[in-house]
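Novice: Each chain is listed here by its residues.
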Amino acid sequence: MSLVVKRHIPLAITFVMGIIMVIATYFFFPETPARIASTQLTASVDILVATAGVIGIVVLLRHHGLNISRRGRFWKYSIITIIGVVLYLIVGLYGIATHERHLMLASELFEWVYIQLYTSMDMTIFSLLAFFIVSAAYRAFRLRSLEASVLLVVGSLMLLGRAPIGGVIWEGFPTIADWLLTVPNAAGNRAITIGIAVGAISLAIRQLMGVERGYLGPER
Amino acid sequence: MNITEIFNEGLVASFVLLVIVVVESLIALYLTRGGKYLPKIRRIPGLEAIEEAVGRATEMGRPIVYTTGLGGIRDQYYYQTISGLNILGYTTELAAKYGAKLLYFPYDPTIIPMAVDVMEQAYIRAGKPEAFDQENIQYLGGDQFAWAFGVLGATQREQSAANFHMGPFWAESLILAESGFYTGAIQVAGTANYHQIQFFVVAADYALIGEELMAAGAYLSKDPTQIGSLWGADFAKIMVIILLVLGVILTAAGVTELNDFFGL
Chain A
1 MSLVVKRHIP LAITFVMGII MVIATYFFFP ETPARIASTQ LTASVDILVA TAGVIGIVVL
61 LRHHGLNISR RGRFWKYSII TIIGVVLYLI VGLYGIATHE RHLMLASELF EWVYIQLYTS
121 MDMTIFSLLA FFIVSAAYRA FRLRSLEASV LLVVGSLMLL GRAPIGGVIW EGFPTIADWL
181 LTVPNAAGNR AITIGIAVGA ISLAIRQLMG VERGYLGPER
Chain B
1 MNITEIFNEG LVASFVLLVI VVVESLIALY LTRGGKYLPK IRRIPGLEAI EEAVGRATEM
61 GRPIVYTTGL GGIRDQYYYQ TISGLNILGY TTELAAKYGA KLLYFPYDPT IIPMAVDVME
121 QAYIRAGKPE AFDQENIQYL GGDQFAWAFG VLGATQREQS AANFHMGPFW AESLILAESG
181 FYTGAIQVAG TANYHQIQFF VVAADYALIG EELMAAGAYL SKDPTQIGSL WGADFAKIMV
241 IILLVLGVIL TAAGVTELND FFGL
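If you read the sequences in order, they're chains A and B. Counting from 1, one number per residue, gives the positions in the first sequence under my numbering. Counting from 1, one number per residue, gives the positions in the second sequence under my numbering.
If you are wondering where the hints come from, they were derived from the structure by calculation, not from laboratory data. One should not assume that every hint holds.
Below, computed lysine-lysine pairings styled on DSSO-like, alpha-carbon distance capped at 27 angstroms [unchecked claim]:
#1 B:K101 / B:K222
#2 A:K6 / B:K222
#3 A:K6 / B:K97
#4 B:K128 / B:K101
#5 A:K76 / B:K101
#6 B:K237 / B:K97
So the derived label-pair ranges between C-beta atoms look like this [unchecked claim]:
#7 B:Q134 / A:L11: 21 to 27 angstroms
#8 A:T51 / B:T256: 33 to 39 angstroms
#9 A:K6 / B:T256: 36 to 42 angstroms
#10 A:I96 / B:T251: 40 to 46 angstroms
#11 B:G127 / A:L11: 21 to 27 angstroms
#12 B:Q134 / A:A191: 24 to 30 angstroms
#13 B:E130 / A:L11: 15 to 21 angstroms
#14 A:L117 / B:Q156: 20 to 26 angstroms
#15 B:P129 / A:I96: 25 to 31 angstroms
#16 B:L26 / A:K6: 23 to 29 angstroms
#17 B:E9 / A:T51: 35 to 41 angstroms
Calculated from the model, a selection of chain B residues having no Cβ within reach of chain A, i.e. all distances over 12 angstroms [stated by the list, open to error]:
#18 K40
#19 E48
#20 A49
#21 S83
#22 A122
#23 K237
#24 L258
In this text, a Cβ means the ideal position worked out from N, Cα and C, and glycines have one as well.
The whole structure should be built from the sequences, with the hints applied where relevant.
Specialist: Here's what the structure looks like:
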């Protein structure tokens with residue numbers, strides 16, 4: 001494939017699309033080509049995403065299919081994965097085939113599987129986060145450096161300020177916690193946010209100008 | 001048609017700032033084009049540590065785990081995903097040179113084709129195009145915790161020696177960073193989601209904070225023009241600092257025009 005097709009055309013498309021979106025954000029052009037183009041561009045992303053969803057399923061099934069056929073590591077788990085994908089697909093298609101609901105809505109069976117099985121597992125996983133926080137906090141709060149000491153003191157004050165027992169021990173703890181959140185924490189957050197905003201614009205300019213091309217494919 | 005009729009008046013301040021930042025960046029790009037002037041940029045330890053981490057994984061004969069967070073190309077966090085893909089290219093090139101195995105776990109299927117291209121390009125740059133294996137890009141699913149625990153499971157099973165998490169992360173950030181800690185992996189993590197930065201700072205060995213993630217592509221490329229754009233961004237930050245100081249002084253003096261202009 002020539003360099004024009006692999007590199008120049010994608011860069012030109014990126015530039016034109018970027019400029020159209022910037023114009024559409026700042027200017028009102030009712031019923032003008034720029035406005036219509038931006039609306040259609042936004043809608044076309046949904047089509048792209050739907051197509052990419054199929055790519056995801058194909059990659060998933062291909063990977064686990066190959067793992068089973070090669071008797072790779074943990075290949076039995078790959079069987080469970082494929083069964084899960086296929087069964088859920090059948091449940092979804094069954095709901096559409098029986099016209100139980102409109103095409104865009106999930107059937108009752110589909111929702112039952114989602115809520116009774118998937119959501120329960122999802123929440124179980126989410127709840128494990130509490131234990132990860134404890135183990136990370138244990139390491140972070142060890143008094144090894146000045147920064148860790150500050151973290152320990154501030155973290156302890158925040159805990160006492162936010163937990164009901166803190167206010168019972170001393171009514172000043174919630175006030176200190178509020179001050180920590182709204183003054184030093186907000187200042188730090190805003191500084192980071194400003195840096196991110198400027199950095200994102202700088203990155204966008206590099207991409208629109210075709211200077212940063214790391215996300216594009218091989219030139220050869 | 002009058003310009004005032006079609007301009008979105010609520011975004012005047014944003015537009016003015018955007019134009020100033022764009023002009024500054026373009027001037028910086030022009031001045032540094034072709035290496036005419038090479039500004040000095042500060043060292044970013046997180047990015048310097050990538051080679052060390054890849055080297056360690058190679059020595060230990062264990063794989064590298066790489067993720068770009070929960071972003072895709074369709075959301076407002078895409079700039080973080082793109083930055084993550086830029087670093088993926090650099091990391092994959094190093095892994096290809098050293099002969100280490102790199103496993104990439106995309107969250108959003110829209111980035112799979114881009115990731116394939118980026119990794120293939122990296123193997124070509126490393127002079128080992130035949131070593132590129134598409135099977136090292138493993139899609140785990142498009143749900144936050146299913147994906148996070150998929151990565152956690154892979155990290156534990158493969159006993160990864162180096163983990164990289166670069167992109168937009170939410171509640172799963174600590175799950176990923178802790179799983180790497182338990183396998184003893186060197187971890188480099190970066191995000192511009194400021195509510196998750198502290199988790200990476202605490203749990204990872206090196207953290208890229210906010211804009212450092214976006215600067216990574218330019219930093220790692222060593223390309224004078226790209227580095228020049230970082231220089232332009234620094235001018236934009238100086239302008240913001242001047243505006244902040246001016247705003248504080250004017251507000252203290254009872255002058256509210258600047259605040260009104262920015263809708264504060």
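Novice: Hint by hint, say whether it matches the structure.
Specialist: Comparing the hints with the structure gives:
Between B:K101 and B:K222, the direct Cα distance comes to roughly 25 angstroms. Compliance with the 27 angstroms bound is thereby established for this hinted pair. Straight-line distance between C-alpha atoms of A:K6 and B:K222 comes to about 23 angstroms, which keeps the hinted pair within the 27 angstroms bound. Distance check on the hinted pair: A:K6 and B:K97 sit about 24 angstroms apart at the alpha-carbon level, within 27 angstroms; holds. For the hint linking B:K128 to B:K101, the alpha-carbon distance of about 13 angstroms falls within 27 angstroms, and the restraint holds.
Straight-line distance between C-alpha atoms of A:K76 and B:K101 comes to about 23 angstroms, which keeps the hinted pair within the 27 angstroms bound. Between the alpha carbons of B:K237 and B:K97 the distance comes to roughly 37 angstroms, so the proposed pair goes past 27 angstroms and is violated. Roughly 25 angstroms separates the CB atoms of B:Q134 and A:L11, a value that falls within the hinted 21 to 27 angstroms. In this structure the supplied range 33 to 39 angstroms is violated for A:T51 paired with B:T256, their Cβ-Cβ distance being about 51 angstroms.
At about 54 angstroms, the CB distance of A:K6 to B:T256 disagrees with the hint of 36 to 42 angstroms. Under the hint 40 to 46 angstroms, the C-beta atoms of A:I96 and B:T251, about 60 angstroms apart, miss the expected range. A hinted range of 21 to 27 angstroms for the beta carbons of B:G127 and A:L11 is consistent with their spacing of about 25 angstroms. Taking the beta carbon of each, B:Q134 and A:A191 are about 41 angstroms apart, not inside 24 to 30 angstroms as hinted.
At roughly 28 angstroms, the beta carbons of B:E130 and A:L11 sit outside the given window of 15 to 21 angstroms. In this structure, A:L117 and B:Q156 meet the distance hint of 20 to 26 angstroms, their C-beta atoms being roughly 23 angstroms apart. In this structure, B:P129 and A:I96 break the distance hint of 25 to 31 angstroms, their C-beta atoms being roughly 43 angstroms apart. Distance hint for B:L26 and A:K6: a CB-CB separation of about 26 angstroms, consistent with the stated range 23 to 29 angstroms.
At roughly 38 angstroms, the beta carbons of B:E9 and A:T51 sit within the given window of 35 to 41 angstroms. A cut-off of 12 angstroms between C-beta atoms confirms that B:K40 is not in contact with chain A; the least separation is 17 angstroms. B:E48, annotated as away from the interface, keeps every beta carbon of chain A farther than 12 angstroms; the closest lies near 18 angstroms. B:A49, annotated as away from the interface, keeps every beta carbon of chain A farther than 12 angstroms; the closest lies near 18 angstroms.
At roughly 7 angstroms from the closest C-beta of chain A, the C-beta of B:S83 falls inside 12 angstroms, breaking its exclusion from the interface. The claim that B:A122 lies off the interface is violated: its Cβ sits roughly 9 angstroms from the closest Cβ of chain A, which falls inside the 12 angstroms cut-off. At roughly 5 angstroms, the least C-beta separation between B:K237 and chain A is not larger than 12 angstroms, which violates its mark as non-interface. With a least beta-carbon separation of about 16 angstroms from chain A, B:L258 lies farther than 12 angstroms from that chain, consistent with its non-interface assignment.
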